[in-house]
Amino acid sequence: MKIRKGFTLVELVIFLALLGIVLAIIFRVFYVGHNAFAAGSTQFQLQSDLRKAGDFITDELRYAEEIDIADSPDDDGYCYIFLEDSRIKYQYKDDIRDITDPIIANDNIFEIKRDSNGRNFLSINITGAMQGKSYNITTEVLLKNVSNLEPEAGKVIKYKKPVS
Amino acid sequence: MRYIRDNGGFSIVEILVCMVLIGLIVVFILPSITFGYLQISESGGRTRAVYTARKVAENELANRENSGSDTLSITFGDGSDRVTINVRGRIVETEESFGAHGDKAKIRLFVPNK
Numbered sequence: 001m002k003i004r005k006g007f008t009l010v011e012l013v014i015f016l017a018l019l020g021i022v023l024a025i026i027f028r029v030f031y032v033g034h035n036a037f038a039a040g041s042t043q044f045q046l047q048s049d050l051r052k053a054g055d056f057i058t059d060e061l062r063y064a065e066e067i068d069i070a071d072s073p074d075d076d077g078y079c080y081i082f083l084e085d086s087r088i089k090y091q092y093k094d095d096i097r098d099i100t101d102p103i104i105a106n107d108n109i110f111e112i113k114r115d116s117n118g119r120n121f122l123s124i125n126i127t128g129a130m131q132g133k134s135y136n137i138t139t140e141v142l143l144k145n146v147s148n149l150e151p152e153a154g155k156v157i158k159y160k161k162p163v164s
Numbered sequence: 165m166r167y168i169r170d171n172g173g174f175s176i177v178e179i180l181v182c183m184v185l186i187g188l189i190v191v192f193i194l195p196s197i198t199f200g201y202l203q204i205s206e207s208g209g210r211t212r213a214v215y216t217a218r219k220v221a222e223n224e225l226a227n228r229e230n231s232g233s234d235t236l237s238i239t240f241g242d243g244s245d246r247v248t249i250n251v252r253g254r255i256v257e258t259e260e261s262f263g264a265h266g267d268k269a270k271i272r273l274f275v276p277n278k
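Taken in order, these protein sequences are the chains called A and B. Take 1 as the starting number for the first sequence in this note's numbering and just add one per residue. Take 165 as the starting number for the second sequence in this note's numbering and just add one per residue.
To be clear, the hints were calculated from the coordinates, so they are not data collected in a lab. Owing to the predicted nature of the structure, the values given are computational and were not obtained by experimental measurement. Ideal Cβ positions, reconstructed from N, Cα and C, are used throughout, including at glycine. Accuracy of the hints is not assured; some may be wrong.
To be verified - Keeping only pairs whose Cα atoms sit at most 25 angstroms apart, straight-line, the calculated DMTMM-like set for lysine to aspartate or glutamate is: (1) A/Lys144 x A/Asp85; (2) A/Lys133 x B/Glu257; (3) B/Lys270 x A/Asp55; (4) A/Lys133 x B/Glu206; (5) A/Lys113 x B/Glu206; (6) B/Lys278 x A/Asp95.
Said to hold, decoys possible - Here are some, though not all, of the chain B residues that point toward chain A, as calculated from beta-carbon distances under 10 angstroms: (7) Val177; (8) Ile179; (9) Val181; (10) Ile197; (11) Ile204; (12) Gly208; (13) Thr211; (14) Ser231; (15) Arg246; (16) Thr248.
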């Protein structure tokens, strides 16, 4: 057992154990980093999608005319914003566009409200869920060009854009 | 063990100290990895607060009175064509706090008199 150069078995085993521990630490750091990034990008997508939908609905409906909650979208010349297959979509005649990805988790996103003076508000309540994360926004917009609409809730809203 | 020292390598104690130091550095670096997620959550809270404040503001906008004592001045044109319009009304501020640090989203708007 007289050895001039090289490592003993014990030294090699200790080396491998230490290498294993160091690699485990490094792997852990990358794993946590990757998870944090994935969670962040999911949350970001949820938030930006819902914000986009909230802004779109607010901008479209504030000055809209002939607003009503409908059962289903149609190509009858009204504009429609509606919930279908967990997406919020927009339709005008045969032009259908997606406003959000398929992340919407609640059903009745629209509610028409009326105050004591007969002024109408549209209450918007959107919840998004994706890969275990969820996010919700609630807002109201004063409908300037309609009044005395019956309070009603639903997932399809039809309206006409104001004549400019 | 004699020849290990002769070769000028590291002792086991040195390696262990080094590993403890690496561990400490990692512990201090981990929070900065999750910092991005916290910031995204915070901005989500801000968006939600803005929408809530907007809801209050819209209700104020519907509630027009005659008693507002603030004035909004709008000036059109410049030089000799200048025309100034004064509108009476009230200034409304709505505020909504969010996040762990008590940050606030604030909306300030002018509600003209009836």
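Structure-based check of each hint:
Distance restraint check for A/Lys144 and A/Asp85: the Cα-Cα separation of roughly 31 angstroms exceeds the 25 angstroms cut-off, and the hinted pair is therefore not satisfied. Restraint check: the Cα-Cα separation between A/Lys133 and B/Glu257 comes to about 33 angstroms, which exceeds 25 angstroms; the hinted pair is violated. A C-alpha spacing of about 17 angstroms is found between B/Lys270 and A/Asp55, which places the hinted pair at or below 25 angstroms, so the restraint holds. Our distance criterion of 25 angstroms between C-alpha atoms is met by A/Lys133 and B/Glu206, whose separation comes to about 14 angstroms.
For the hint pairing A/Lys113 with B/Glu206, the CA-to-CA distance comes to about 30 angstroms; that exceeds 25 angstroms, so the pair is violated. Between B/Lys278 and A/Asp95 the alpha-carbon distance is near 40 angstroms, which puts this suggested pair outside the 25 angstroms criterion. With a cut of 10 angstroms, the hint placing B/Val177 at the interface with chain A is violated, because the nearest CB-to-CB distance is about 12 angstroms. Residue-level restraint check for B/Ile179 holds (minimum Cβ-Cβ distance to chain A is 6 angstroms; threshold 10 angstroms).
For the restraint placing B/Val181 at the interface with chain A, the shortest Cβ-Cβ distance is roughly 12 angstroms, beyond the 10 angstroms limit, so the hint is violated. A cut of 10 angstroms between beta carbons decides the hint on B/Ile197: the least distance to chain A is about 5 angstroms, and the hint holds. For the restraint placing B/Ile204 at the interface with chain A, the shortest Cβ-Cβ distance is roughly 5 angstroms, inside the 10 angstroms limit, so the hint holds. Below 10 angstroms, beta-carbon pairs count as interface contacts, and B/Gly208 has one with chain A at about 4 angstroms; its hint therefore holds.
The restraint placing B/Thr211 at the interface with chain A holds, with a minimum CB-CB distance near 5 angstroms, inside the 10 angstroms limit. Because the beta carbon of B/Ser231 sits about 16 angstroms from the nearest beta carbon in chain A, more than 10 angstroms, this interface hint is broken. This hint is violated: B/Arg246 has a C-beta 28 angstroms from the nearest C-beta of chain A, more than the 10 angstroms allowed. Using the Cβ-Cβ criterion of 10 angstroms, the hint placing B/Thr248 at the interface with chain A is not satisfied: the shortest such distance is roughly 26 angstroms.
Hints 1, 2, 5, 6, 7, 9, 14, 15, 16 from the earlier list are contradicted by this structure; the remaining hints agree with it.
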